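Protein chains: 4
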Amino acid sequence: MIVVMKTGATEEQILAVQKQVRQLGFKEQRIHGEERNVIAVLGHVYPELTDELGVIDGVDAVVRISKPFKLASREVNPYDTVVKVGPVEIGGGRVVVMGGPCSVDTEENVLVTAKAVKEAGGHLLRGGAFKPRTSPYAFRGHGEKGLQILAAARDETGLPVITEVMDPRDVDLVARYADVLQIGARNMQNFTLLDEVGRSGKPVMLKRGLNATIEEWLLAAEYILSHGNRDVILCERGIRTYETATRFTFDVNAIALVKQLSHLPVIGDPSHATGKWSLVEPVGLAAIACGADGLQIEVHPNPDQALSDGAQSLTPENFEKLMQKVAVVAEAVGRPLAPAIGAQGAARKAS
Amino acid sequence: MIVVMKTGATEEQILAVQKQVRQLGFKEQRIHGEERNVIAVLGHVYPELTDELGVIDGVDAVVRISKPFKLASREVNPYDTVVKVGPVEIGGGRVVVMGGPCSVDTEENVLVTAKAVKEAGGHLLRGGAFKPRTSPYAFRGHGEKGLQILAAARDETGLPVITEVMDPRDVDLVARYADVLQIGARNMQNFTLLDEVGRSGKPVMLKRGLNATIEEWLLAAEYILSHGNRDVILCERGIRTYETATRFTFDVNAIALVKQLSHLPVIGDPSHATGKWSLVEPVGLAAIACGADGLQIEVHPNPDQALSDGAQSLTPENFEKLMQKVAVVAEAVGRPLAPAIGAQGAARKAS
Amino acid sequence: MIVVMKTGATEEQILAVQKQVRQLGFKEQRIHGEERNVIAVLGHVYPELTDELGVIDGVDAVVRISKPFKLASREVNPYDTVVKVGPVEIGGGRVVVMGGPCSVDTEENVLVTAKAVKEAGGHLLRGGAFKPRTSPYAFRGHGEKGLQILAAARDETGLPVITEVMDPRDVDLVARYADVLQIGARNMQNFTLLDEVGRSGKPVMLKRGLNATIEEWLLAAEYILSHGNRDVILCERGIRTYETATRFTFDVNAIALVKQLSHLPVIGDPSHATGKWSLVEPVGLAAIACGADGLQIEVHPNPDQALSDGAQSLTPENFEKLMQKVAVVAEAVGRPLAPAIGAQGAARKAS
Amino acid sequence: MIVVMKTGATEEQILAVQKQVRQLGFKEQRIHGEERNVIAVLGHVYPELTDELGVIDGVDAVVRISKPFKLASREVNPYDTVVKVGPVEIGGGRVVVMGGPCSVDTEENVLVTAKAVKEAGGHLLRGGAFKPRTSPYAFRGHGEKGLQILAAARDETGLPVITEVMDPRDVDLVARYADVLQIGARNMQNFTLLDEVGRSGKPVMLKRGLNATIEEWLLAAEYILSHGNRDVILCERGIRTYETATRFTFDVNAIALVKQLSHLPVIGDPSHATGKWSLVEPVGLAAIACGADGLQIEVHPNPDQALSDGAQSLTPENFEKLMQKVAVVAEAVGRPLAPAIGAQGAARKAS
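Residue numbers (my numbering), protein chains in the order written: chain A, 1 to 351; chain B, 1 to 351; chain C, 1 to 351; chain D, 1 to 351.
For the record, the hints were derived by calculation from the structure and aren't laboratory data. None of the values given here were measured: they were computed from a predicted structure. Incorrect hints may appear among the rest.
[Unchecked claim] Under the rule of at most 30 Å between Cα atoms (straight-line distance), these lysine-lysine pairs were calculated in the DSSO-like manner: (1) Lys6/A - Lys27/C; (2) Lys67/D - Lys19/B; (3) Lys115/B - Lys145/B; (4) Lys67/B - Lys19/B; (5) Lys84/D - Lys325/D; (6) Lys325/B - Lys27/C; (7) Lys321/C - Lys27/A; (8) Lys6/A - Lys84/A; (9) Lys67/B - Lys19/D; (10) Lys6/A - Lys325/C.
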């Protein structure tokens with residue numbers, strides 16, 4: 001940590017900072033700059049120290065040097081984390097695709113979709129039983145009934161299930177049905193929920209918040225990891241910017257950078273990131289090209305009857321076309337598509 | 001709702017949209033524009049309809065006309081909501097100030113601060129017992145012990161207490177001690193938490209999310225209102241923008257606009273919005289000048305020893321200076337400072 | 001400047017950085033941190049050095065310590081700059097208001113507006129003869145004819161004139177008619193234009209770019225100041241954020257912070273910042289409350305016939321109401337409204 | 001255009017709007033909605049009409065239906081524009097790569113770089129002779145000397161030259177040396193400059209502004225096109241968002257959407273968009289995967305001695321590796337790399 005003094009800081013003020021740093025148990029080193037004095041703080045500093053030193057008279061700014069996330073960092077763990085979900089490996093060098101409806105509606109629609117996802121070479125079934133909705137008047141999901149519909153589709157197809165949990169009180173319930181717990185963008189900093197899924201022992205996919213910095217995203221992952229749960233998957237789903245022509249702005253820079261900073265797998269979600277089905281394919285391919293370990297894609301047999309987000313859902317036909325292109329681009333960048341889920345998977349149940 | 005067809009949409013496509021609109025139970029009216037055809041959808045439309053119509057062939061865009069929030073809207077209720085909190089009225093045409101530490105630390109510090117807030121003319125005591133922290137390694141609050149410290153300070157000073165609740169499981173606990181439940185910016189769209197505080201019957205202060213639009217903010221208020229809880233207070237605390245010289249960007253436009261759109265009271269929080277104590281006073285005065293019903297201000301007797309956010313806390317001396325200026329500006333804009341809390345308040349307890 | 005080495009940087013890499021720093025003519029000081037090594041670079045560093053050192057093997061980041069703006073900085077010049085424009089002083093502790101139409105249209109409208117601005121106590125006449133327009137098909141201003149209309153209104157009323165210049169080739173022309181040259185937000189980083197107005201010797205008002213950081217804004221001012229032109233006025237006119245309910249987000253934090261960082265006067269423009277006439281008054285008062293030295297306000301006798309930005313223009317009646325409230329708030333914050341322009345001003349001409 | 005009346009608008013107010021619309025020469029159609037009345041305005045509306053109608057009493061909002069850009073729109077011209085630059089075709093279904101230094105420094109460095117770009121299969125030489133710099137104290141380019149260095153490298157290698165022009169007074173000069181005129185991000189709305197390059201008859205590459213919406217970007221292109229210059233190339237170079245871990249946020253959504261909205265070719269610039277050389281390759285591949293017609297890449301033989309933006313420059317070795325990957329991904333998405341520039345090109349000169 002670096003304490004930058006104001007240009008006109010007095011010797012007394014500088015000595016006061018040095019004294020305070022030593023009293024807090026750190027070492028310090030003074031640097032006589034051309035314009036200002038700077039004091040380096042040495043030792044295991046904590047983020048709050050920025051504020052504690054920043055308020056001392058004569059201090060202009062406090063600059064943090066070390067990264068605040070540890071367990072999520074590639075500096076701590078240089079080897080790629082591979083999350084195993086039934087027969088699927090996420091982060092193991094092969095591209096994985098999760099498909100399914102935004103909201104679980106009827107048993108028939110979910111089953112039709114799951115079969116289509118599987119036939120096209122998809123690896124997991126996604127679907128929302130608990131839905132975060134901006135308006136209290138919108139459909140908020142079928143709850144446990146929805147989880148049962150997903151589990152039934154898994155039993156039939158062998159596709160492991162990923163679904164969102166929104167409330168810390170529901171973690172046990174959702175974990176009984178799901179193979180991967182999903183934390184939605186609006187809950188990325190719902191810290192008590194992060195604690196609960198950390199304790200659950202289940203793989204967790206953590207979506208980046210609409211306004212989250214990369215550092216905050218990795219710190220949210222750190223919450224889960226700090227409970228000893230190492231099966232954390234990150235998911236970039238678009239950030240909120242001034243641009244309104246697309247629903248969000250898909251941040252490929254973030255995918256590329258997180259693959260350097262962290263050992264955790266990263267999934268791209270072009271459906272939410274664009275809000276338009278016609279952009280899902282090009283943006284999904286971009287995600288793969290810049291290093292994503294997989295995609296999450298909304299698929300619905302009749303997008304115009306979907307209970308939510310129909311405008312961004314692919315038909316099974318369009319999903320199949322997407323999978324063919326994903327296969328080619330994934331091959332081109334040296335991370336081929338993971339093998340399709342075999343018929344043997346059909347007998348598998350969630351543990 | 002307005003359905004805009006593409007320039008080259010065929011007559012068949014236009015008729016298909018009209019048919020679908022009628023099948024969904026709405027009336028429609030076709031408008032033959034110079035470049036495109038447009039179909040107006042009449043009736044009690046719901047937000048999802050945008051997506052449902054947007055995916056039909058030949059449709060270019062669907063534009064929503066009506067506002068999605070109802071109970072929070074001034075069109076539905078033109079009269080200013082006044083929230084009564086013990087002896088204090090929020091939203092009743094007089095400016096109210098909430099002061100106190102970001103985090104509750106020691107009983108002594110909180111009491112010293114509460115007394116200073118009261119003496120300077122402040123109206124509520126704020127303090128965090130449950131703290132949302134970006135890093136799992138930061139101090140996360142004293143929990144129930146912190147609530148007890150706040151309640152003791154209330155008993156001593158008569159200042160009603162506002163404190164944050166983060167977990168739906170804690171709502172009953174926090175409601176036993178607090179006079180106003182605070183929903184933090186990171187939980188503005190924690191919908192299960194909004195449902196619980198809606199059911200609690202306690203006044204709720206809803207902070208705007210870091211990235212929330214004004215519409216989303218009012219819809220989050222709508223969640224609480226839709227449970228029959230009418231005592232909702234809004235709080236602008238700065239939004240996240242590209243500018244990093246200040247921690248957030250305080251959105252005075254939003255305060256002015258929300259006072260026109262909604263009947264709910266609005267509080268300004270210049271401490272979090274700026275992140276620097278030296279900016280709290282000017283930005284707090286700006287909030288009052290543009291229509292805020294009050295302020296929430298961080299105060300700590302020793303900001304350099306505060307457990308969180310010391311850099312943005314005022315000393316009791318600076319808080320007193322702020323209150324003097326607030327009084328003058330509040331008077332100037334015709335919404336004078338609310339009367340100070342009398343000694344008789346000291347005996348009051350939370351119901 | 002601080003060079004932060006990667007956690008696993010080798011001794012060789014560290015020595016290479018130290019050597020390079022010395023070869024470039026700077027002194028350096030090494031700091032052995034707990035996790036990483038850090039090298040302080042001492043001397044008159046330049047911004048590009050960040051990049052030059054950042055690419056060396058083993059370097060994680062380069063952190064700049066000193067502020068890049070000099071002449072605009074209060075550290076260099078602690079005394080408030082006062083810009084004299086005819087009989088008006090901007091930045092001298094009294095609030096100044098500039099009013100007038102967005103675009104100059106007819107001679108009659110401009111004169112009616114100028115008289116109304118003067119009668120209400122306004123100090124300068126604003127109006128656009130050269131208009132930056134997003135679309136090539138929109139009205140782009142009357143050019144020199146517009147400048148003549150403005151000058152005529154000045155001769156009649158005594159109000160000095162401020163008007164925008166967009167093209168370096170037009171600086172001489174505009175300077176012949178105007179008392180203050182305005183640089184619009186879209187041209188804040190039009191560096192050749194900044195050079196020209198710097199050389200012009202005329203007072204310049206520099207609007208903050210839609211996406212400009214405070215540092216970039218002050219650096220743009222530095223361009224003008226570096227030509228020896230000290231009469232620079234800053235103008236906050238709203239920044240672009242994700243919020244679309246108002247046209248831009250008026251950044252009061254920036255006004256308050258710039259008053260601390262710089263000695264230059266700052267004007268607030270609530271008309272462009274909000275895009276809605278009903279928000280101009282509250283947001284204008286907020287600007288004054290947080291430290292602005294004045295306001296720029298759009299006024300038009302018939303906003304619904306204005307050639308541009310009618311929706312944000314005040315009628316003369318509403319402008320008069322605004323001026324009355326500005327006077328009260330300005331008084332409350334200790335920077336009363338500057339004296340009205342006297343009849344004697346009427347004979348004055350631009351030099 | 002759709003005029004939305006307020007919920008409580010009177011019949012008189014509605015009739016007044018209808019009358020005004022007809023007086024302005026448009027047709028109108030009234031729609032009696034459940035909550036509000038809406039008036040459709042029919043005819044060749046212009047953008048300003050939004051403001052003119054928005055200020056009438058009782059009007060809540062005015063919604064624009066038609067797209068404001070015409071010549072840039074695929075609705076007007078469905079066929080892909082192909083820009084011919086010497087032996088290179090941009091937008092013709094094959095991927096094109098522009099490489100070179102950010103700033104032109106020495107003749108030797110530029111020539112070495114140009115040869116490396118050509119050998120690796122690159123198609124154009126980029127380099128800045130006039131540099132927009134945030135600080136007046138930074139290196140601002142060699143001017144005409146720099147243009148001569150670029151032209152000499154073109155004569156030697158046959159690579160056409162693309163270089164930035166910043167000042168309308170320099171357009172003729174730059175056009176004498178360059179094959180493509182580049183408009184930088186900070187000048188995207190420098191409208192007098194857009195007019196001049198529109199008149200120049202030279203191909204123009206228009207970089208998206210740091211804060212420009214897609215609509216504003218296409219409208220800026222419209223400025224150039226409206227002068228009869230059809231050779232316009234768009235370039236996405238990252239937008240400014242709240243995320244600071246990378247210099248800008250590369251907007252792949254924009255590339256994919258613009259390819260649908262417009263017939264103009266789109267180039268991706270991952271060097272400026274990321275600010276870090278290690279992210280250039282993954283983000284460049286993402287650009288190609290989502291539909292870009294080519295890339296612009298910074299290359300410098302000694303990035304640590306580059307006069308600007310060294311941190312984002314590739315060495316010739318890394319550029320060669322990038323080109324190999326680009327070739328594979330370009331092939332995978334069906335838009336293979338354009339053929340290399342032959343030796344015969346060496347004799348070519350700028351017309």
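Here is how each hint holds up against the structure:
Taking the CA atoms of lysine 6/A and lysine 27/C, the gap is about 20 Å. The hint holds against a cut of 30 Å. With a C-alpha separation of about 26 Å, the suggested pairing of lysine 67/D with lysine 19/B holds against the 30 Å cut-off. Restraint check for lysine 115/B and lysine 145/B: the C-alpha separation of about 20 Å stays at or below 30 Å, so the hint holds. Distance restraint check for lysine 67/B and lysine 19/B: the Cα-Cα separation of roughly 25 Å lies within the 30 Å cut-off, and the hinted pair is therefore satisfied.
As the CA atoms of lysine 84/D and lysine 325/D are separated by approximately 25 Å, the hinted pair is consistent with the 30 Å bound. About 48 Å separates the Cα atoms of lysine 325/B and lysine 27/C, which puts this hinted pair outside 30 Å; it is violated. Between the alpha carbons of lysine 321/C and lysine 27/A the distance comes to roughly 60 Å, so the proposed pair goes past 30 Å and is violated. For a cut-off of 30 Å, the pair hint linking lysine 6/A to lysine 84/A is broken: about 52 Å separates their Cα positions.
Taking the CA atoms of lysine 67/B and lysine 19/D, the gap is near 26 Å; set against the 30 Å cutoff, the hint holds. Pair hint lysine 6/A plus lysine 325/C does not hold up; C-alpha atoms about 38 Å apart against a cutoff of 30 Å.
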